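From just these sequences and the hints, can you work out the full model?
Protein sequence lines correspond, in order, to chains A and B. Note that full-length UniProt numbering has the first sequence beginning at 1, numbered continuously upward. Note that full-length UniProt numbering has the second sequence beginning at 1, numbered continuously upward.
Any given hint could turn out to be false.
What the hints assert, rightly or not - To give an idea of the interface, some chain A residues facing chain B are shown, with a C-beta separation under 7 Å as derived from the structure: (1) Ala10; (2) Ala11; (3) Ser18; (4) Gln22; (5) Pro38; (6) Leu49; (7) Trp50.
Simulated from the structure, these hints should not be mistaken for lab results. Keep in mind it's a predicted model, so treat the numbers as computed, not measured. All C-beta atoms, glycine included, are put in the ideal place defined by N, C-alpha and C.
Number of protein chains: 2
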Amino acid sequence: MQLTSIIGNAAAFLTTISFLPQALKIIRSGQTRQLSLPMYLLFVSGVTLWVIYGIQEKQLPIILGNAVTLVLSGTILIYKLREVLKGSSGL
Amino acid sequence: MQLTSIIGNAAAFLTTISFLPQALKIIRSGQTRQLSLPMYLLFVSGVTLWVIYGIQEKQLPIILGNAVTLVLSGTILIYKLREVLKGSSGL
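Here it is in structure tokens:
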């Protein structure tokens with residue numbers, strides 16, 4: 001495998017898996033006040049579009065990587081929205 | 001422009017710009033306790049690799065998009081590291 005594709009795969013893996021520790025931290029603590037709601041609204045929208053892009057381009061790596069990121073960042077967004085709607089957290 | 005490239009460009013724009021509100025929130029509040037240090041270490045490493053990948057593939061959109069994300073997420077990582085090193089924030 002060429003060095004460039006190794007770098008690309010590693011980059012995709014790291015940016016995908018990076019949301020796991022943040023999701024776990026929030027699931028444990030339930031605290032999201034310092035997280036930005038606009039960030040996760042924008043990010044989850046963007047990752048959703050990446051999944052759609054991957055489906056249209058029939059690119060399984062783009063679909064799978066972004067689907068995992070969507071589940072993780074979507075979990076964080078749901079926790080944040082819950083706190084905001086409960087009134088116990090700002091945007 | 002084809003619908004698929006519009007979707008791809010929109011996805012890239014949203015996931016890139018999404019870190020701006022989180023960076024601004026932290027710069028204003030200085031509080032990072034609820035953010036995950038492992039997340040930002042992994043994410044910044046991954047985005048750095050994406051910039052290297054873009055340079056090797058001579059793909060300006062990949063370079064520019066990820067360079068912006070690197071500056072924004074790197075800013076968040078620096079604030080988080082400072083708090084952890086001061087002892088006023090866990091991982």
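Verification of the supplied hints:
A cut of 7 Å between beta carbons decides the hint on alanine 10/A: the least distance to chain B is about 5 Å, and the hint holds. Interface restraint check: alanine 11/A against chain B, minimum CB-CB distance 4 Å, threshold 7 Å, status holds. At its closest, the beta carbon of serine 18/A sits 4 Å from a beta carbon of chain B; the interface hint therefore holds under the 7 Å criterion. The closest approach between the C-beta of glutamine 22/A and any C-beta of chain B is roughly 4 Å, which is under the 7 Å cut-off, so the hint is satisfied.
Taking 7 Å as the C-beta contact cut-off toward chain B, the hint placing proline 38/A at the interface holds, the least distance being around 4 Å. A cut of 7 Å between beta carbons decides the hint on leucine 49/A: the least distance to chain B is about 4 Å, and the hint holds. Below 7 Å, beta-carbon pairs count as interface contacts, and tryptophan 50/A has one with chain B at about 4 Å; its hint therefore holds.
Figure legend: structure checked against the earlier numbered hints; every hint is met.
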